[in-house]
Amino acid sequence: MQQTEFLDVVLPFKDKMFRLAKRLLVSREEAEDATQEILMKLWSKNKIMANYNNVEAYAMTMTKNFCLDRLKSKQAGNLKLVHSNYQDENVSLQSEIEVSDSLSWVEKIMEELPEQQKMVLQLRDVEQYEFDEIAKLLDMKPTAIRVALSRARKTVREKLVQKHNYGIG
Amino acid sequence: MELDRIEKLLEKYLEATTTVAEEEIVRDYFANEDIPGHLKSYAPMFHYFSAAKEERFTKQMLPKPKRQRGYLAWASIAAAAVLVFGIYFGTVYYNQQEQKKAEFAYQETKKALSLLAANFERGTEKVAYLKEFEATKEKIYNKN
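So the protein lines, in turn, are chains W and P.
Under the working numbering, think of the first position of the first sequence as 1, with each following residue one higher.
Under the working numbering, think of the first position of the second sequence as 1001, with each following residue one higher.
To be clear, the hints were calculated from the coordinates, so they are not data collected in a lab.
Only a predicted model underlies this, so the values are computations on that prediction, with no experimental measurement involved.
Don't take every hint at face value.
Stated by the list, open to error - Sample of chain P residues lacking proximity to chain W, with all beta carbon distances greater than 12 Å (derived):
(1) Leu1010
(2) Tyr1013
(3) Asn1032
(4) Pro1036
(5) Arg1056
(6) Ala1075
(7) Leu1083
(8) Val1092
(9) Glu1103
(10) Gln1107
(11) Ser1114
(12) Leu1116
(13) Phe1133
(14) Glu1134
To be verified - Now the stretches of chain P that chain W is said to cover, found in silico as 3 or more residues with beta-carbon under 8 Å:
(15) 1014 to 1028
(16) 1093 to 1102
C-beta: ideal position from N, C-alpha, C; glycine also.
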């Protein structure tokens, strides 16, 4: 496969990969680096890629695995502390500026969700994947996905209602 | 759009039993129509999902084609080879020139020395007359 051909194949879902990476890694720069790295890996496998009938699903699974690995290795090292400290400051500063911006509240609520719920919510409500596609991507049973999705949606809704009622302050 | 239908869909939505198409209906509803107060708290959720889908990956997908890098590598190898050969043959040529120069200097010195030798020869010829003088002197002495 030529490089231009490869880019044509990848183009329709590279944004989806990036958005999933950003959902998991939170920081934009890290998500960009991760996406680039995954694209490089895909490109290095481009000879095998012709055999995959669903490159998108394969790429999304790679993205998920790559980001989870990265999160795990960060948790193991000291980097996590530094990073989360930095992130916290950033969020509190941001929240002071954007108290009224309820959209960024949803983003922050989603950040607090467990990773699996984050991914399910991202894939379903942002990217509108079908359940069986998500099942393939995340290697989960459809019923488990339904449960995780329902929990995630309810949590987001509850927290939004709380914010709404208390007027955020 | 009837309100109770949306409410039912929202209920199904929270239980995660809606289809993608039904969720599309709900998203459209919150994007376009006036939303009654008790449903307003849902709005940011659906607005956010739509907004989040707009995010784009703007960085370059792959670094510069590898072929160019390979070409550069080959060019540098070729340049290095040319340099090495150049230095090698350059020194060989230089040594040859040195040799020639040395030979020329040797020939010149030889010429100069032979010239000198020839002149000396002439000198000794003249000195030979002095011997004659000595011999004559001897003869005269012996007679006396």
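* Asked: In ascending order, which of the hints set out earlier in this document are inconsistent with the structure?
  -> The structure breaks hints 1, 2, 5, 16; every other hint is satisfied.
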